[in-house]
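Protein chains in written order, with my numbering: chain A, 4 to 223; chain B, 5 to 481; chain C, 91 to 752; chain D, 52 to 361.
Worth flagging that the hints you see were computed from the coordinates, not collected in a lab.
A portion of the hints provided could be inaccurate.
As the list claims (entries may be wrong) - Residues on chain B that point at chain C, a partial pick, calculated with CB under 8 Å: (1) 160; (2) 220; (3) 414.
Nothing here was measured: the structure is a model prediction, and the numbers come from that model.
C-beta: ideal position from N, C-alpha, C; glycine also.
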Amino acid sequence: MAGLAYDVAHLLAGTTLLMSFALLYQRRLSAVVKVFAIQGLVIALAAAWQAHVQAATHLYLTAAIAFGLKTVVIPVALNRIIRRLGIHRTIETALGIAPTMLAGVALVALTILLVLPIAAGSALLTREIIAIALAVVLLGLLMMITRRNAVTQVIGFMSLENGLILAAVGVQGMPLVVEMSVAFSVLVAFLIFGVFFFQIRERFDSLELHYLEDVRDRGP
Amino acid sequence: MTILALLGLPVAAAALLALLPGYRAGAAGNIAASGLTFCVAIAVALGERTADALFFVDDLNAYLILLTAFAGFTTSLYSAGYLGHEQRHRQLAPWQIRFYHAMFQAFMATMLLALTANNIGLMWVAVEGATLTTALMVSLYRTKPAIEAAWKYFILCGVGIALALFGTILVYLAAQTAQFHGIEAMAWTELQLRAPRFDGAILDIAFVFLLIGYGTKAGLVPLHAWLPDAHAEGPTPISAVLSGLLLNVALYALLRFKMLLGANPQALATGPLMIALGLLSLLVAGAALYRRRDVKKLFSYSSIEHMGIVTLAFGIGGPVANFAGLLHMAMHALTKSAIFFAVGSLAQSRGSQEIRALSGAVARHPAIGWGLVVAVLAIAGLPPFGIFAAEFMLVTAAVEHMPWLAAAIVVGLLLAFGGLIRHLQSIAFAPAPEGAKDLRVAPPLPLYLHLALVLAAGLYLPPPLVGWLRQIAGMLG
Amino acid sequence: MLTGLALADLGFLVLAGLGLAAIRLGARATAIVCLGSTILCAANAAMALAALWTPAAEQLRLPIGFALGWTVLALDPLSAYFLLVVNLVGAIVSLYAVAHEHGEAQPARRLVPFQLFLFGLNLVPLAADAFSFLVAWEFMSLASWALILARPDDPAARRAAQIYLVMAVAGALALLVAFGLMAGGLDRYDFAALRAQRAGSLVVFVLVLFGAGSKAGLVPLHAWLPLAHPAAPSHVSALMSGAMTKIALYAVIRLVFDLNGQPAWWWGGILLVLGAGTALVGVLFALIERDMKTALAWSTIENIGIIAGALGLSLAFAGSGLAALAGLALTAALVHALNHALFKSLSFMGAGAVLHATGSRDLEQLGGLGRVMPQTGWVFLVAALALAALPPLNGFAGEWLLFQALIGGIALPSPMLKFILPVVAGAFALTAALAAAAACRLYGIAFLGRPRSPAAAAAHEVAPAMRLAMAVAAGLCLLFGLFPAAVAGLAGPAVVQMLGPPAAPVVALPFASLVAGNTAYVATALALAGLALAAIVLMAAGRLSPMPARRAPAWDCGFPDIRPATQYTAASLTQPLRRVFGRTAFVARESVAMPEPGDMAPARHTLAVADRLWQGIYLRIDQGIELVATQAARLQQLTIRGHLMLMFAALVILLAAVVVSR
Amino acid sequence: MTVIAQVVHLVLIVALAPAITGLVRWVKARALGRAGPAPWQPYRDLRRLMLKTPIVAETSGPLYTAVPYLQLAAIWLAAAMVPAFTYDLPLAQAGDLIVLAGILGLSRFLLALAGLDAGTAFGGIGSSRELMIGALAEPAMLLVVFTVAVLVHTTSLPAISAHFIAQPVGLRVSLGMALVAIVIVAVAENGRIPIDNPATHLELTMVHEAMVLDYSGRHLAAIELASMLKLVVWLSLIQALFVPFGMAGAALTALALPIFVAKLAAGAVALALFEVGIAKMRVFRYPEFLGGAVVLGMLATIYLYVSHGF
């Protein structure tokens with residue numbers, strides 16, 4: 004049982020990381036949303052699997068939230084935003100795809116170096132989970148800073164959050180996971196609301212309110 | 005029990021104030037609630053040190069609870085006058101004032117929750133809640149710059165807070181390595197006891213994320229970008245509590261984690277990381293003080309600088325430097341909010357917060373102007389004020405441990421001083437701009453109250469207080 | 091005694107409170123407050139004198155101030171001596187202020203900081219722990235900053251105040267680090283504890299030189315001084331120049347001689363050379379500055395250089411184990427400190443009287459004041475003679491001792507110092523001669539000749555209290571000039587305290603003569619002889635030349651133009667010297683605009699003087715700060731994505747640091 | 052006994068001073084092939100001036116009339132401090148070379164003030180140049196003092212003379228340099244050629260004469276006498292420092308006084324011949340001339356170190 008639990012969890016975690024790379028790889032907005040939905044699904048599965056393995060019912064709730072929000076609601080909402088605001092379908096990158104991938108690999112290498120000193124097998128899965136979650140978090144952040152479209156940045160942020168959930172559900176008996184994921188969802192909701200409300204088409208920092216020039220730090 | 009009262013009071017007040025119509029009743033309710041909270045905070049600070057599953061009180065958080073409740077109370081006094089002016093001059097609609105009051109109490113509730121929470125997750129939730137409430141308050145004026153500032157604040161702190169959550173989860177994971185599970189494994193009191201057996205390597209990674217996450221909230225360079233804008237665009241009382249309270253609470257969170265790592269023999273020394281960020285904050289913010297046009301941005305950079313100093317102090321560690329850090333936290337909170345009180349009143353009188361537009365303060369508003377002069381001299385670290393005492397301890401402690409660091413600190417302090425004094429002189433003493441009209445503003449009493457406290461702390465700290473602070477400094481290791 | 095001094099010091103705070111109340115009470119209350127500080131200062135001076143008479147070490151420990159320790163106040167000969175300096179000046183200047191403040195707008199603006207300034211000045215010598223020392227030190231800076239800002243509408247005053255305060259704080263921070271180094275991890279900052287572990291650290295020495303030197307005006311840390319002194323009201327300039335710079339020197343002596351421990355001989359060499367450079371730079375600028383008070387400020391720099399040189403010499407001797415010579419040099423420094431305090435405050439009060447009477451400090455607008463304000467004229471002549479370091483005034487005594495110490499320097503074992511000595515001696519001699527030229531210029535242009543402006547012609551004598559204060563100061567200058575040994579005697583206990591019994595200055599009391607080796611300076615005897623000879627000359631002239639003098643227009647070699655503009659001006663008087671030194675210490679650019687032949691326009695001579703040190707150091711620093719500030723400001727201009735990038739970078743760097751450090 | 056010697060000294064120098072100046076002028080005239088006034092002509096000049104009505108500029112103040120007497124008294128005092136036929140003089144014990152320099156400085160200071168008091172252009176010229184010369188001469192003078200002090204370990208004039216009499220140090224490079232330096236200083240201080248021409252009538256080149264241009268009668272007499280006395284001070288200073296031979300100590304010797312007068316006369320003749328041999332310098336070459344003296348003074352000290360060992 005332990006072997007299977009380990010293998011499945013590892014597989015799901017690995018898939019999440021793969022999806023993070025896939026997110027970085029995509030050039031088209033709709034594809035990014037799709038990949039993100041898949042990553043949400045994987046996370047939901049991972050949570051559900053852990054709920055099953057640890058016999059922790061509250062993790063089912065987490066899985067349900069992840070599935071509901073990340074696989075259904077948010078992708079739909081994002082697609083609507085894209086349509087409504089007429090956002091370009093291609094992604095404007097600050098750093099080319101290939102360099103981004105290279106940077107991603109470097110980050111993964113960094114995470115490996117970081118987790119190496121952790122005593123192996125001291126607890127179930129700890130080292131592997133940390134390595135992958137760390138990589139997902141860093142890749143999410145990388146996506147936020149190398150992609151210019153607001154929608155991709157929001158997705159980067161949520162992918163970062165996926166890393167958190169991966170870490171949180173992967174360990175035995177982490178309390179308050181549900182509470183925290185709810186609190187986090189509020190944050191995300193605000194974010195999406197903000198993007199929608201301020202009609203942010205391209206970037207976070209151009210609120211498209213035509214006053215940018217005279218407000219951004221009126222000082223020099 | 006008192007803890008519940010401490011947290012329940014602002015929550016209830018927030019709900020009540022959201023419903024209470026009218027500026028007068030709202031302001032009175034806000035003051036009353038804050039005053040009561042302050043009284044309860046005194047009771048908590050004087051009362052016994054308790055710990056249960058969710059909440060606890062020890063010397064460290066009792067100190068900050070007292071400080072937070074006090075500054076919250078005085079700021080509520082100030083904001084009554086501030087909002088009165090805004091209301092008279094139709095800057096804010098009644099619903100906005102009502103919203104402000106509710107949010108003020110909600111913010112106080114999150115601050116106190118973050119301080120009293122005996123759970124790393126709960127504390128995180130509280131800090132996130134504080135982000136949301138303050139983001140809403142920053143955008144209170146609904147002007148475009150205000151909304152932009154709130155947005156920037158929200159995004160940067162959102163990412164920061166996400167990283168902090170990751171760090172929090174990692175700490176729990178580290179606890180796992182010591183076969184330590186469940187809700188206790190997130191309680192400060194328990195974690196602190198068992199930290200020596202945790203896997204140090206995980207704690208290291210966790211601390212980096214926590215440092216970046218809560219460091220964003222504390223406004224450390226290079227994570228500080230949200231801070232000046234948020235301070236500048238929000239209502240001035242909010243600038244005062246952001247600088248005086250929120251930054252301290254974020255640092256408090258860092259301190260707690262630092263203590264955990266300190267207890268673990270395998271874990272990395274956290275000092276150098278904090279020293280690096282603190283020094284960077286001090287130097288960069290000090291340099292950034294020079295080219296400022298907006299007075300509130302100016303003083304928010306000064307807040308960054310002081311957070312840098314406090315972080316440095318705790319990074320150096322040891323009884324003297326920790327004492328300095330603790331004293332500095334309180335002194336900075338009091339002085340900086342006093343400065344915002346003065347600056348807010350002046351800006352209301354002139355209808356502008358451009359430094360150039362504010363000149364002639366001493367000639368036109370002697371009471372507020374001199375108050376500002378004294379407060380800025382105090383924040384700049386001149387005696388006989390409390391910050392000088394704290395900086396004295398910090399520098400001597402730094403000299404003792406790493407002389408080169410003392411040199412860097414001194415350069416940073418001087419740089420910041422030069423920037424502050426340049427603007428202070430032009431605000432306070434340069435002749436008022438041609439045709440400047442001044443609306444009447446009453447000198448804010450909390451300004452003088454804070455200054456009196458800061459002065460008193462510089463001249464004489466009562467031995468019980470010194471003993472208390474020494475004890476906390478000892479706890480911090 | 092110490093309790094009395096401490097209580098009197100608190101009295102200044104009370105007076106400051108009264109001064110605040112005097113906002114509404116008007117001129118009478120102002121005068122009362124100033125009189126109050128006169129009395130307090132006089133009482134303090136008397137107590138300090140008594141403490142010097144019966145040298146003893148007293149200590150008070152108060153449970154206030156520093157949170158992690160006690161406030162320790164102590165009175166020993168060194169602090170008593172400097173308290174005497176401060177309070178002599180303080181008493182005289184307060185008396186002057188009684189009338190000077192009369193009729194000024196917003197008296198509280200000056201009255202309150204003035205009392206606080208006196209408080210700080212009195213507290214520094216008493217403070218015997220690092221914390222209260224620095225508190226008092228900064229208090230002094232702050233109060234004087236407020237005084238410089240007494241007329242804030244003047245942009246020059248604001249600029250001066252800003253530069254002053256920043257440099258003062260820089261100095262205080264340097265002292266703070268020095269104290270931290272001296273405490274060496276003991277976490278005890280009272281002087282007794284510091285003294286117990288004297289390590290003789292070079293870094294401390296350098297920091298003290300920077301910290302106290304910036305307050306004293308040691309070149310190249312002098313930039314604030316010529317800006318701040320003229321900007322402050324005259325009685326404040328007197329106090330700053332007379333007392334505050336001395337307190338800075340007190341800090342040097344206290345920290346270097348007393349607390350830091352055995353110096354290496356070559357430290358003294360550094361200070362000696364710095365002192366000589368300071369003296370030269372100061373006097374050269376005093377020679378060309380046309381603003382009276384600025385010229386006096388430069389002269390203060392010069393005298394600080396002389397005192398610093400003497401201190402350096404004393405250190406070199408002490409480091410080479412020559413206690414007696416070290417005592418001689420330290421005596422020179424202390425004697426000159428007291429004397430300079432007196433004559434420089436007298437000069438500033440005189441300049442203040444001129445400003446009061448004519449509304450101008452510009453030498454080119456003055457002239458002939460000796461006839462319209464004769465009493466001020468005579469006291470200023472005394473000041474000028476003292477400034478010129480001429481016998482029998484008190485400015486000479488200290489320089490005489492310094493030269494004796496320099497000559498004693500041939501006993502130094504180090505060849506390097508021996509080579510430096512003649513150069514330094516030449517520099518100090520040049521300084522003395524140039525100081526005489528500068529003093530001659532100040533007095534000669536302002537008080538002699540014919541008035542160069544209507545304001546100068548219409549000047550009137552100043553209020554009696556101001557004249558009284560100046561007369562007291564002038565009287566003391568004469569007294570200390572004629573009895574230089576008395577001053578050396580006062581300095582004696584402090585010298586012995588710093589350097590041990592063999593260093594006691596040799597003072598032969600019967601003739602009140604200063605003795606160094608087998609050389610003596612008996613001012614009284616020479617003055618009596620000079621007076622007798624003058625009497626003989628006068629009698630002989632009266633006997634042999636019976637014709638009464640007749641008044642007539644000046645002949646001037648038949649040159650008929652009697653317009654005041656034909657007189658020599660302040661600029662032209664020292665033009666030859668300016669030419670000689672115009673390419674070294676400063677950059678003097680002269681240009682003459684001659685009109686075309688036939689054009690009736692007057693020719694114009696313009697003179698621009700720039701301080702090389704200002705351009706070379708201060709402007710560079712300013713530019714550097716501007717550059718850094720621009721970069722730091724640019725950080726704020728980034729987009730949100732840019733800020734996120736910074737956050738990401740910080741995260742990755744810290745993570746990498748964690749990896750590397752394991 | 053010493054007091055009597057002092058009084059004799061005081062009277063002697065003031066009586067001799069005009070004669071010495073007269074001697075210089077006479078020798079100069081002779082050397083130039085003119086007959087020249089008799090050496091005692093200065094006495095007549097002084098008497099004539101004393102009998103004239105002094106005219107005082109209207110624009111001048113009280114200092115103006117006081118300065119001639121004060122200045123004369125100061126120089127007389129300075130003269131009294133320099134060992135002459137004996138070094139055991141009370142006033143010479145009361146001060147040293149540095150005090151002497153100070154008193155001479157005082158007299159210069161007073162005269163420069165007097166030049167400014169009338170508010171005339173020429174007075175200013177004189178004062179201005181006098182101040183420059185004084186400023187440049189003083190370091191040279193002090194370096195000479197320094198050289199001597201290194202050798203004798205004191206700046207007290209009687210002690211120096213006594214030392215050189217008791218243990219002649221012989222000819223030394225450094226003393227030679229110091230001598231040249233002090234001669235240059237003396238030339239400058241006394242306003243002799245090449246620095247200043249006491250006999251000039253060209254106002255623009257005047258220094259000392261320009262300063263006192265407006266003085267007349269007894270005031271001018273006092274100033275003239277003072278400058279004559281000053282020459283004696285410098286001549287006796289040079290003899291006291293460099294050729295103190297024949298000088299008496301505590302016990303007076305019969306030859307001391309004639310030897311002193313002879314040394315003064317020899318100095319005067321030497322000065323006159325020196326002046327005949329060179330031309331007046333431009334004002335802006337003074338720094339080079341006096342700077343040479345400073346360098347010589349410094350070299351003198353350093354050579355002393357060399358010969359003494361460090």
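- Going back to the hint list, which numbers does this structure go against? none
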